[in-house]
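Each chain is listed here by its residues.
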Amino acid sequence: MKRHTVRELQDMIADQSVSSDEVYQLYLNRIKAMNDSINAFISIESDETSSGTEENDSEIKGVPYALKDIFCSEGDKTTCGSKMLSNFVSPYDATVVKNLRKKGTIILGKTNMDEFAMGSSNETSFYGNVLNPWDTERTPGGSSGGSAAAVAAGMAPIALGTDTGGSIRQPAALTGITGLKPTYGRCSRYGMIAFASSLDQAGILSISAEDAAIFLEHMAGYDHKDSTSSMEEVPKYTEFLNDNLSGKVVGLPKEFFDGSLDSKYQGLVSDSIHEYEKMGIKFKDISLPNIKYSVPTYYVVAPAECSSNLARYDGVRFGHRSSDDSDLDAFYKKTRKEGFGQEVKRRIITGTYVLSAGYYDAYYLKAQKVRQLINQDFLNAFKEVDVIMGPTTQQSAFKLGEKVDDPVSMYMNDIYTISSNLSGVPAISHPIGFVDDLPFGMQVIAPHFMEHDLLNIVHKYQMVTDWHLQIPGICRELDR
Amino acid sequence: MSIKKSEIEHLCNLSKLNLDEEEQSIFLSQMQSILEMIKELEGVDTGEIAPMAHPLQMSQRLREDEITEFNERDKYQKNTDFAEDGFYKVPKVID
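Chains as they are written, first to last, in our numbering: chain D, 1 to 480; chain V, 481 to 575.
So here's chain D without its partners, still in its complex pose (with noise of 0.2 angstroms):
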């Protein structure tokens, strides 16, 4: 089996070495030979009802996606990784979809998450886990799973997901592939599900940087429609992808490389360095003193935004409905008791604890104050760097139910990409080689707005290895 990039996409389509009709017959029959083995998709579109309104100039018409299931498409059911939305159908389109119909893109399906996005290895879903097609005992990360999944294993070219904590660069480093959040504002937020709304930001998961230019051109932008989109101008990207990366000064955050990752994967950070450091790259050592406190700050900025957003699934207007209608409060819990699952459950009880009377000052507030200090050190940093390198995850992925009853144990899985989220800074994660055959990540961070940096920094990485395009196993299979 061939994995297609976007970039290939285009060019066979182009030269109508192939149709775009072709282009998504294919991604289907891959949709349907293997979902039932890696369970990425929650529910695969139909032709006519996934065709954009195509514009005869796009360079990515005919282009088919994969979304996750947290953005709504108009007409299609928009499930969240939810019991409690497992019968919502989107009655508009969310704003970065709308921008990509309008280029003549094509919806393939609504790829599994955890559940409103709350996990990270995509055992929250009500829909059942993602199997990772690198081995299918082991998670896919999460929450962007089923896009990560979907790409890795060739059933999409691409796919769109969301990071609120790390949940489309974790994934990516978990399953091998290339995964960007790009600056706080810089896509809009309308029509994403909201979870935690300070820290949301919708990206992109490719095979490579490449592909991420292609498609975050067509996806950013203001919209009056999110007063938090950015009015910033949105550069062309893939104009910057070759530029000479010769001088350009890269930080490796001391707390980044404490002694606490294992020396396997300290082996292939520092290859990876290596081959930066033949493209002219120079690394300096900094520091970001407060880093180490994101982790306990994000779970509880997180939280409490949660409970926040998700007090509007009250039963009345969408979403489940408890059949018990004695009186109002009954109504309210019983249906927020049977539609919500326990990591929901428990996040929404933790963010009203900290937001609730008597504790805002020692932990809602506190905390915004710690995020301002993270902030600070990623303002300094960047004053003498252009770009921070360090691990995407501290591990490869690791077995289904290993840490699912473990809250704080999986929480720590987000330690490296909390803090861009924290901060609003862009992020992308590149795979960067295998220990024990599974794919393993680096992550690159730059200042707000500086998207086409990271962008230009991967593709020339992506240009002189090839990690970014190893096939798993699983897929090889299939041509059998």
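To be clear, the hints were calculated from the coordinates, so they are not data collected in a lab. Don't take every hint at face value.
[To be verified] Quick list of simulated restraints, FRET-style, between CB atoms:
#1 D:Ala311 x V:Met538: 22 to 32 angstroms
#2 V:Asn551 x D:Gly75: 13 to 23 angstroms
#3 D:Gly280 x V:Ser509: 50 to 60 angstroms
Quick reminder that beta carbons are idealized off the backbone N, C-alpha and C, glycines included.
Place chain V on chain D using the hints.
Leaving out everything else, chain V in the frame of chain D:
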């Protein structure tokens, strides 16, 4: 720092969420370890630091007071079987 079962019950009431006995006891121990982790923030010196509510320094934009959106009630009410004459039906709230 510890959390009591009665506090979990209070939080359930505030967040309009029923938990059964088993969930309550699981949450009690899990929240204990989450609060232990969060406790680490206590020691951080944040004396003069302003809380960060938003990643970007930007102010709220205003638009012209013109009608841009129209009422699409019927379309939105297709997401429930419990709408009638444009209203949503809820359990009886007054006797």
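Hints, verified against the model:
1. D:Ala311 x V:Met538: 22 to 32 angstroms: Holds: the Cβ-Cβ distance is about 26 angstroms, inside 22 to 32 angstroms.
2. V:Asn551 x D:Gly75: 13 to 23 angstroms: With Cβ atoms ~20 angstroms apart, the hint holds.
3. D:Gly280 x V:Ser509: 50 to 60 angstroms: Distance hint for glycine 280 of chain D, serine 509 of chain V holds at roughly 53 angstroms.
Checked against the numbered hints above, the structure breaks none of them.
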